[in-house]
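Construct the entire structure; sequences and hints are all you get.
For the protein sequence lines, the chains are A and B, in the order given. Position one of the first sequence corresponds to residue 1 (the working numbering), numbered consecutively onward. Position one of the second sequence corresponds to residue 1 (the working numbering), numbered consecutively onward.
Everything labelled a hint here was simulated from the structure, so no lab data went into it. Yeah, the Cβ is synthetic: ideal placement off N, Cα and C, and Gly gets one too. Watch out, some of these pointers could steer you wrong.
Derived DEER-like restraints, expressed as beta-carbon distance ranges [to be verified]:
(1) B:L96 to A:D284: 37 to 47 Å
(2) B:R195 to A:Q305: 49 to 59 Å
(3) B:D194 to A:G219: 50 to 60 Å
(4) A:V66 to B:D194: 16 to 26 Å
(5) B:Y129 to A:S46: 52 to 62 Å
(6) A:Y297 to B:R195: 47 to 57 Å
(7) A:E86 to B:T148: 32 to 42 Å
(8) A:R128 to B:L96: 32 to 42 Å
(9) B:R195 to A:S46: 52 to 62 Å
(10) B:V123 to A:Q124: 50 to 60 Å
(11) B:L48 to A:S146: 51 to 61 Å
(12) A:Q195 to B:P135: 54 to 64 Å
(13) B:L272 to A:Q195: 48 to 58 Å
(14) B:L96 to A:P279: 23 to 33 Å
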Amino acid sequence: MTDHPKLLVVKDLRTTFATPSGPLPAVGGVSFELGTNETLGIVGESGSGKTVLSRTIMGLQPRRNVEVTGSVLLKGFEVVGASEKEKRSIWGLEVAMIFQDPMTSLNPVMRIGKQIDEILRVRQGMDRRAAKARAVELLELVGIPSPAERYGVFPRELSGGMRQRVVIATALAGSPQLLMADEPTTGLDVTIQAQILNLLDSVKEQMKMSVVLVTHDLGVVATRTSRIIVMYAGRIVEIGSTREVFRRHRMPYTRALLDAIPKVSNPSHSRLVAIPGRPPNLLDLPTGCAFAPRCAYATDICRVQRPRLEPAEESGHAFACWNPLPVAEGALT
Amino acid sequence: MSSSLIVHEMVEEAHDRPARKKKLGVLFWICVGWLVLNFIGAIFANVLPLEDPLFQNYAVVNAGPSLHHLFGTDDLGRDIFARIVFGSRVSIEASLGSMLIGFGIGAPLGMLSAYRRGKFDSVVTAVMYVLLAFPAIIATIAVLSFWTPRSLLKIIIVVGVASIPLVYRVIRGATLNYSTRDFVVAAKVQGATDRRILMKELLPNVAPVGVSFLLIGIATVVTLEGALAFLGLSVNPPTPSWGNMINESISILQTNPWLAVFPSLAMCLFLLCLNFIGDRLRSHFEVSEGKI
Chain A
1 MTDHPKLLVV
11 KDLRTTFATP
21 SGPLPAVGGV
31 SFELGTNETL
41 GIVGESGSGK
51 TVLSRTIMGL
61 QPRRNVEVTG
71 SVLLKGFEVV
81 GASEKEKRSI
91 WGLEVAMIFQ
101 DPMTSLNPVM
111 RIGKQIDEIL
121 RVRQGMDRRA
131 AKARAVELLE
141 LVGIPSPAER
151 YGVFPRELSG
161 GMRQRVVIAT
171 ALAGSPQLLM
181 ADEPTTGLDV
191 TIQAQILNLL
201 DSVKEQMKMS
211 VVLVTHDLGV
221 VATRTSRIIV
231 MYAGRIVEIG
241 STREVFRRHR
251 MPYTRALLDA
261 IPKVSNPSHS
271 RLVAIPGRPP
281 NLLDLPTGCA
291 FAPRCAYATD
301 ICRVQRPRLE
311 PAEESGHAFA
321 CWNPLPVAEG
331 ALT
Chain B
1 MSSSLIVHEM
11 VEEAHDRPAR
21 KKKLGVLFWI
31 CVGWLVLNFI
41 GAIFANVLPL
51 EDPLFQNYAV
61 VNAGPSLHHL
71 FGTDDLGRDI
81 FARIVFGSRV
91 SIEASLGSML
101 IGFGIGAPLG
111 MLSAYRRGKF
121 DSVVTAVMYV
131 LLAFPAIIAT
141 IAVLSFWTPR
151 SLLKIIIVVG
161 VASIPLVYRV
171 IRGATLNYST
181 RDFVVAAKVQ
191 GATDRRILMK
201 ELLPNVAPVG
211 VSFLLIGIAT
221 VVTLEGALAF
231 LGLSVNPPTP
241 SWGNMINESI
251 SILQTNPWLA
261 VFPSLAMCLF
271 LLCLNFIGDR
281 LRSHFEVSEG
291 KI
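Here is the structure:
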C-alpha cells in the first residue's frame with residue numbers, strides 16, 4: 001500500500017482538446033478525492049465534461065490533439081503522463097470501466113464467457129479450467145440465470161439488461177478497486193435501470209470497491225451515492241455528501257437540476273421544468289460564472305469574475321457561487 | 001394492421017430465442033461442392049486417370065465430344081477435358097498466390113491503419129491511393145509485357161502487388177467500423193495489449209468481410225488471367241490454362257466451337273460459384289450483424 005489514505009486523488013485536472021477553432025477546455029480544473037468503498041456520483045448536463053473527466057481519470061484519451069495537466073493519483077499511481085504500457089498495469093486490475101451502451105461494449109463475435117475468462121487468464125494468470133469456473137461464478141454474481149449454460153452464448157442472444165450485467169462481470173474480472181461507470185443505465189429500459197444500479201451497489205459491497213457513477217440523472221445518484229459532484233462547463237460547481245447536496249444545496253444550478261426531475265406528486269399535465277438557455281460553448285466561455293447567462297440569481301459580479309469553490313457549513317460540502325441560495329431556501333423534501 | 005403486429009411480436013420472440021441456426025441453402029453447398037471438385041482436380045491432376053494434356057494425337061483433331069474424349073479434342077488432337085483440368089491449376093495457383101500477397105500485405109496494413117490512425121494511417125493510406133490511381137489492368141499488362149520471360153510466378157507477383165491497395169482499402173474500412181466501438185475500448189481498459197486487441201477483438205469481426213472479399217478477389221484474378229491470356233501475356237503455350245485455351249480457340253471457332261465452349265464454361269461456372277458463395281456469406285453475416 002502507499003502512504004495515500006485515499007484511493008483516488010484528483011488535483012487540478014484539466015483536459016483541453018485542440019480543435020480547429022481553438023483550445024476546448026472539456027475539463028477545466030477539477031479536484032476531488034475518493035475513499036475506499038465509497039460511491040461518488042458525477043452529475044451534469046450533456047457536454048458538462050463528466051464523461052471526459054471519467055475517461056481522463058482512467059487515462060483514456062485520444063492519442064493526439066489533447067493536453068492533460070494536473071494530477072490523478074490512483075492508489076499512488078500517477079495516471080496523467082503515464083504511457084499506455086504503464087497504465088496497462090492498473091487497467092483492469094485497479095480500475096475498470098463500464099460503458100453506456102451494452103450493445104457495443106461487448107465483442108459481438110465472442111462468447112460472453114470467453115470475454116470474461118480471457119481477462120482472467122491473461123491478467124490473473126489463471127489456467128483454462130480455473131478461469132472458466134471463475135467466469136461462471138462472476139456471471140452468477142451479476143445475476144445471470146443459469147450461468148453455466150449462458151457461458152457459451154453470444155451477446156446478441158441476450159437482452160440489453162443481461163448484456164449490461166455481462167459487461168459488469170467483465171469489469172469485475174480483474175477485481176478492481178475502482179469501478180468507473182459512465183452512464184451505465186442510459187441505454188436501458190427504466191425498469192431494468194433500477195436492477196442494474198442495485199446490482200452495482202451489491203457488487204460494490206461484496207468486492208469492497210469504490211464506484212464512480214457518471215450520469216445526467218440525479219434520480220439515479222440520489223439513493224446510491226455517498227457523495228455527489230455537480231459539474232457545469234467542465235468545472236465542479238458543487239460537491240458534497242448526497243444528503244447535503246439534495247437538502248442544502250447552495251448553487252442555483254444544482255437547484256435547477258433538481259427542479260428538472262419530474263415528480264410523481266405533480267398534478268397531471270403540469271409543464272415539465274427545464275433549465276432555460278443552452279449549455280455554454282466551451283470554445284467561448286464567459287469570463288465570469290459559466291452558468292450566469294442562464295441563472296435567475298445572476299448579478300454583475302457573476303458576469304465578470306468566476307466564483308471559486310467555497311466551503312459550506314458542513315465539511316466536505318463546497319459550492320462555486322457568488323449568490324448562493326440561502327440554506328433554508330435550498331431545503332428540499 | 002393486426003397481422004403486422006403479430007409478425008412484429010414473432011420477430012421479437014425469435015430474437016430472444018437462443019442458439020438458432022440460419023441455413024445457407026442447398027445451392028450454396030452445391031457451389032461449395034463444385035469448387036472443391038475443381039480444387040481436387042487441380043491438385044491431383046497428375047494422379048487422375050487423364051490423358052497427357054500436351055500429347056498431340058493427330059488421328060483425332062477437332063473432334064467433338066465422345067466417350068473417349070469427353071469434351072473432344074483441339075486442332076492439335078489434344079484432349080480438351082485433360083487440358084481444362086490441368087488448366088485449372090494455372091487459374092487457381094494464380095488467384096490463390098496473388099491473393100496471398102494481396103492479403104498478406106494489404107490486410108495487416110489495413111487493420112493496423114484503422115486501429116492506430118494518426119500519422120501511420122495517413123501515410124499508408126496516401127501511398128495506397130497513389131497505387132490505386134494506376135489503372136491496375138493496364139499497369140499489369142505493361143509490367144508483364146516487359147518482364148520476360150513470362151512465368152506463373154511473375155503473374156502472381158504483379159497481380160498480387162496490384163491487389164494490395166484494394167485489399168487494404170476494404171480491410172481498413174471494415175476495421176474502422178469496429179475499432180471505434182466500445183468493446184475495443186473496453187478490452188483496452190481491461191489491460192489488453194494492442195496486439196491482443198487486433199488479433200482477438202478486431203480480427204474475428206473483420207474476417208467475414210475479408211473472406212467475402214477474398215472470394216471476389218479470386219474470381220477477379222481468374223478473369224484477369226483470361227484477359228491476360230487473350231493478350232498473350234499469360235503462361236507460355238503449350239502449358240494449358242483456361243485463358244490460353246479460349247484464346248487459342250478463337251482462330252478456329254468456326255470449325256470447332258467445342259474448343260471455345262468448354263473452357264469458357266469451366267471458367268464461367270467457377271466464377272459463378274465463387275460469387276454466389278461470397279454473396280451468400282456476406283448476407284449471412286450481415287443479417288446477424290444487424291441484430292447486434
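Against the structure, test the hints numbered earlier, and report the numbers of the ones violated in rising order. The structure breaks hints 1, 3, 5, 7, 9, 10, 14; every other hint is satisfied.
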